[in-house]
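Based on the sequences and whatever the hints tell you, model everything.
Protein chains: 6
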Amino acid sequence: MPLSDIAPGADFVGFALVKSAESKTTASGKPFVAYLLQDRSGSIRTNHWDATEAIPAGTLVKFAGKGEEYNGALQFRLDPHRFRPVEPRDNVALADFLPTAPEPVEDMMAEVRATVEAMSDPDYRALVTALLDDASGTMLRFPAAQAMHHAEIGGLLHHVTSMLRAAKALCGVYADLRPDLLFAGVILHDFGKMEEMERDSAGLVCGYTAPGKLLGHIHLGALRIAKAAERIGTPPEKSMLLQHMVLAHHGCPEWGSPMPARFPEAEVLASLDLLDARLFEMRAALEHTAPGGFSERVAALDRRELYRAGE
Amino acid sequence: MPLSDIAPGADFVGFALVKSAESKTTASGKPFVAYLLQDRSGSIRTNHWDATEAIPAGTLVKFAGKGEEYNGALQFRLDPHRFRPVEPRDNVALADFLPTAPEPVEDMMAEVRATVEAMSDPDYRALVTALLDDASGTMLRFPAAQAMHHAEIGGLLHHVTSMLRAAKALCGVYADLRPDLLFAGVILHDFGKMEEMERDSAGLVCGYTAPGKLLGHIHLGALRIAKAAERIGTPPEKSMLLQHMVLAHHGCPEWGSPMPARFPEAEVLASLDLLDARLFEMRAALEHTAPGGFSERVAALDRRELYRAGE
Amino acid sequence: MPLSDIAPGADFVGFALVKSAESKTTASGKPFVAYLLQDRSGSIRTNHWDATEAIPAGTLVKFAGKGEEYNGALQFRLDPHRFRPVEPRDNVALADFLPTAPEPVEDMMAEVRATVEAMSDPDYRALVTALLDDASGTMLRFPAAQAMHHAEIGGLLHHVTSMLRAAKALCGVYADLRPDLLFAGVILHDFGKMEEMERDSAGLVCGYTAPGKLLGHIHLGALRIAKAAERIGTPPEKSMLLQHMVLAHHGCPEWGSPMPARFPEAEVLASLDLLDARLFEMRAALEHTAPGGFSERVAALDRRELYRAGE
Amino acid sequence: MPLSDIAPGADFVGFALVKSAESKTTASGKPFVAYLLQDRSGSIRTNHWDATEAIPAGTLVKFAGKGEEYNGALQFRLDPHRFRPVEPRDNVALADFLPTAPEPVEDMMAEVRATVEAMSDPDYRALVTALLDDASGTMLRFPAAQAMHHAEIGGLLHHVTSMLRAAKALCGVYADLRPDLLFAGVILHDFGKMEEMERDSAGLVCGYTAPGKLLGHIHLGALRIAKAAERIGTPPEKSMLLQHMVLAHHGCPEWGSPMPARFPEAEVLASLDLLDARLFEMRAALEHTAPGGFSERVAALDRRELYRAGE
Amino acid sequence: MPLSDIAPGADFVGFALVKSAESKTTASGKPFVAYLLQDRSGSIRTNHWDATEAIPAGTLVKFAGKGEEYNGALQFRLDPHRFRPVEPRDNVALADFLPTAPEPVEDMMAEVRATVEAMSDPDYRALVTALLDDASGTMLRFPAAQAMHHAEIGGLLHHVTSMLRAAKALCGVYADLRPDLLFAGVILHDFGKMEEMERDSAGLVCGYTAPGKLLGHIHLGALRIAKAAERIGTPPEKSMLLQHMVLAHHGCPEWGSPMPARFPEAEVLASLDLLDARLFEMRAALEHTAPGGFSERVAALDRRELYRAGE
Amino acid sequence: MPLSDIAPGADFVGFALVKSAESKTTASGKPFVAYLLQDRSGSIRTNHWDATEAIPAGTLVKFAGKGEEYNGALQFRLDPHRFRPVEPRDNVALADFLPTAPEPVEDMMAEVRATVEAMSDPDYRALVTALLDDASGTMLRFPAAQAMHHAEIGGLLHHVTSMLRAAKALCGVYADLRPDLLFAGVILHDFGKMEEMERDSAGLVCGYTAPGKLLGHIHLGALRIAKAAERIGTPPEKSMLLQHMVLAHHGCPEWGSPMPARFPEAEVLASLDLLDARLFEMRAALEHTAPGGFSERVAALDRRELYRAGE
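Residue numbers (my numbering), protein chains in the order written: chain A, 276 to 586; chain B, 276 to 586; chain C, 276 to 586; chain D, 276 to 586; chain E, 276 to 586; chain F, 276 to 586.
Since the hints were derived computationally from the structure, they do not count as laboratory data. Where hints are given, some of them may not hold.
One copy or any two copies: either way a pair holds, since identical chains are not told apart in the list.
Result set (DSSO-like, lysine-lysine): computed pairs, CA atoms no more than 27 Å apart in a straight line [stated by the list, open to error]:
1) K294 - K488
2) K305 - K294
3) K443 - K294
This is the structure:
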């Protein structure tokens, strides 16, 4: 039974993914856990009264209870005795409850790897290979964000792969771009996110790490390049160019880049990063918009309302 | 003799293009004309004392005089009796004195026209065709700016053609983009510049028109689309989409766009417009920069210094 | 019975205007319509459970139900069988439920028309007359906004008439202002709003149109002038001056004007537009403020608190 | 002989006003005084070599010398022995060399005084009268600025009088404005300038005082009201309202107002202050602009170019 | 019984401080008073139905009622017949319910006074003494804010004393600072707050006064110095320096300072004011943060999350 | 003979430091080198005509020539045959021509070292010691800037030492500050400057390096800490805290810090860095200001004019 079947006054039994779980105390000192549960049909908030230990985010749970309605809002009264992590006999698959990139992650990784192997500059090839070797286990399924664009299993690769295709296309138009440098920058630009964000057991991002909040993925990413380059002996100039591309890829100080792009490949990287993220957000918002109508305001696009042309 | 041969104390005779000419009066009430002369080797300022009538910008002139040096700066004392527009017998060609787009303007126009003819949507095809028919005589050689990116004969077409190629490339990556709408937007986005800017007789931009300063090329361009659409019966929705793309293509209010892009093609247009202009400026600045060094600050890129990697 | 008589636990029967109506679905998939009902004594939200078709905004309804109180907030439980549009036999007048400009709309329109007829410049007279002829049916009762200043029947005329009187007063102080140009600008400056905003059947603004969100009333208004001027042969210079005044009347890019006022009449227009709107908001906020006290923060005035002097 | 008669190579004898005089030393330690001299035909810079004592700004001088031209710029070589303050026998009047408000200062002051006497509120009448009595000797001829709007003898009164007329006109349109409060605010809003700016002996502003730079005319003006109100027993509420109007009259923090206008009269004051200053600047710039052309960029109007319509 | 003992379904009797009390009317016209009650264990909101007169903020009350839970939130149903101000026989002390500075207010005042007495400049000593004499009764227990840093009994003195110690420490490092001027500025910089903010009967700030909102504590504080200086004959230069320090102490226009610091002591004052306030906020937020974790976003620190290092 | 003795028409022979040297070409293609020469009495610009090789910045030179005056400005005509680097027999010392920190660099370094040795936390002690060991040869005489605050031999140590003293003083006032962490942050915060800036042979900063412009001293400094910490095994948490302090020490994105301070020591560091720099600039500007007067506008202080109180 999908979550969308929950109705006021009706009993419900079903499965869902724990999206977040917070242990709290009522003003009177009694413990409870506040849950946000989700499946592909939607999500619902409910409280587990008197519980002291939370089932962590990323767990698939089986639960039962009853819908209720207060002031026109649907609520769910969880049966505290019928709420538990799924077990093998439940025979449900986590993957069916997770937002996931549209292409298989292995295919995307293969495309990235092939791009690297085709680089004619041995230094960039070696450096990107070393960094991919270090990270690729993690990178394979890493989301690109917690709630914004590409917050999905494999989202980081999804983002990188789209940008890589666009970068290749632009190299055909602007002949002075150096493809190896641009592709290396595209592949590495968000590597720091893998240290910046924390994943729950399902693989979705559930928060930021201490290094993420104190140092940020931009510095962390550039640092990772600097250290790998030193380790494998990349010429300092090339390490510096790539570090600059990472530092500059958010485009301006207010968005976290301490300096603007100072050469064409850095400019193209910043431009494609922004464009790819915005097109993702637009696509997501327009999917739920009727032809000839406007979307809700999209937080990730400065609260723009988007238009879907009448068809 | 090129302008770069002018030297202190030496006589000079040569040809140059009048880039600007201003009639002025000394504090004592005597008239003179201040000229900026240019050829492909450089430019020089000189005054025509006692002259009351200026030879207009865009004229090719023959002139003589002598180099002088004050305070370490080179000046030129124009011989007032040896300064005149060129005549047929001088046998010099204006084209040799003008910055010009790297591809023949006819080729670029043919590429634009072919793109339009290949559109599958008859409304966009008809509307863009009508606007090109109205404007193409003017558009063929129109620069895209007075001093910034693409300030060259055929610069507007140069800018449009690069963007069109990039737009085609991106349509292969982002499948939800509607090619006809995007290409129409790219072709028309700067049409208003042809009313906004004034050309000298050589075809370079020498200033802004009154409609340019009072209404701006964004409103002028959208207005032109509105009127042509009404005339030929384009469906109002399609005219509206294109007008929106023109209004939104500068990206934010501070840069002249009253609203942000509200659908993907408008976003791509704004992104490519900015990127194409910046890559042009970067290329121009890096041409004069030694490998491993930094350019001067580039006014058109928020005073960035650019880096040319060591080779 | 006015809405302010609704009390917890008490039955209620009365009339109200539908201010907004949204068809929704509960999480369990059951349809309902969420209404905001208003009369001159206040407003109340209520839900029509199981309803699939909404009574549209702008309709006068008769309804019954019962007040309820949850958590200190008053709610209203609508009797789903006693909720319908008013019928002739109900003998209630829509006008009694609508915010309306303080002067009769016909008087204001007559004042505007008289101003136009008194213009000594035949071009401005003809152009403004033509635009008023096209629009005056619509303009007569059009509000000037959805929720901000002059959101009332006849609000656009109310705003224009106040500004016109102020403009006339200032022409007596600043002798270099050209009255006809200034008055024409005042009358036409918000014409685009009639295409930008959508009205419900009662005549109040209930949202924005697609052209409103994609093109904005500033461009739409200037476009309307451009087309009328072309049609009736207004000299291009005069059309351009008026278009500029419309484009510049919001004062700065952040507020939607792509360029600042470039001549005195455009500056006066922008100044009076802002002042008239602010004085309207101040008056509205201070009406509900006790002498010697401060108003709530006023959203339309950058969240200022206003002071009402002790009397 | 007016300054505009100075020509290269020609001797010149004439009169001018010292606009500024700075004692300097050459790098080699020799003293000189750098002068800016002006009359109604223009101005010229010249140096008095070896002079150690400057003739102060505001002095009328008789001088002789010769025009010279370097690099196309006109210079003036002052004859050091023929440069002295005017004497009675020279028979020239300072007033002929000064920019001056268009109406007689006594007439403007009489209009201000009449406005005060006509106030029906005895508190505002008494307070403004007391402040005018303290200041009116100074105020009569005080300029409103050093270089911006109303930098002329009587400029402060010129500015106040225009605003007062506009304020009276608007009171006829917006019936909820309290005339006495508004007029008192208009008259007093720039009183602090009389402590903020320093005048030369001719009465033009030649710089800022220490209190001007450390405290500013806004605080100084409000302070003056606070002290006078305390002295003559104005009710604290009324003193507070007027102080608020002074504090808020620049409209926003960036322009020196720590808070926005919090009641209608303060809003009108801020609006009229800005409008009167801008119209002054526009008038000044357009006087030197040909019909159908644009002015130079006007520093005091955020570098706008202004348009003078073709006539 | 502390407020934290309130539990759903359980009866409660206890004492608390009225933090705020607002008289309201239900939509049905019935009066009630909404209370926020607090003690050191926390706070709770409750409504006194049908009450027309509010027990004012700052009063200690005895009350009874019952905890309730709606939608997971704890509420409190006040027994309207068992709610009254405390009486002597209750034998509870207000001080036990108030946030209070960590050092005795008399000690802090003595430290301030000793600092003044040790000044070697008799003018600053006399002026600060006079202002302290006027204000010290009020100052002794005045909070420094309503909700931000130092919102506690004696908070103003707490803030001043910390800054004074820091100022003394810096005078040992930067030898060109004039101690007397700096200390006088530190002591007086927030004097205007005593007119800007209103206290409830318990001595906590419960709102802003009309002069506070219309004039602000910066102008009010400078004004107070100006008047005292005039009264006791402080040299105008010294009064001006101190007024400048007050005007400039918020650092920039957006934060209320019309001009930046123009001498070193004013700069140090602005720097220490900001630092002391921020360190207070950081300390308060980190107290409730576990080692190795981040605080909630802190409104008073631009919504920063703070890190408490793992220990 | 000091540079201040150069006078128009007079011969001059003397010594100076080459502050900058740029090889240029006249428009006519002739090479020259433009020099800025300085000693403690001032500086002068001159050109070495026909020279193709520049004497590099940082060299002490002996030169002869003649003063000249054009348009009231002093110039210097360099005798091209009497211009050479100093030789031993000239018997002049470079140190007499250099701006230098007021305390001996060895004393300051000893103070820094002593502070480190006194740290009770062995991790911070070891890490700072390692970084000082790596850098101290360079650090000893490194300036803190090219033209702003502390642009002097030993300027970096001067800046660090002042801040360290102030940090110690504040630790006595704010008891929750961790001294070792704060002192380590102060010592290391500008370490990246040693890679960001290039020195001439005299030891003054003459420009930025490629890593300086592409990566910036903030990232470079944090990177250096990260690498040293990894090498010597500093606990990651402590490395992270120090990296954060470096990243955050400019206070806001516009000034290069990607995030704000997230714990008290980082806040104190940012505050002291700004204060120390500003006090340096104020001191420098006020030294040249007469009592009771204002300085020129100071570029490094947002163009403030500073006041020197009358004495």
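Evaluation of the provided hints:
Only within a single protomer do K294 and K488 lie at most 27 Å apart by alpha-carbon distance; the minimum there is 21 Å, versus 35 Å between protomers. Proximity of K305 and K294 under a CA criterion of 27 Å is satisfied in both settings, with 23 Å inside one chain copy and 25 Å between copies. Neither within a single protomer nor between protomers do K443 and K294 lie at most 27 Å apart by alpha-carbon distance, with minima of 37 Å and 40 Å respectively.
The structure is inconsistent with hint 3 alone, although it conforms to all the rest.
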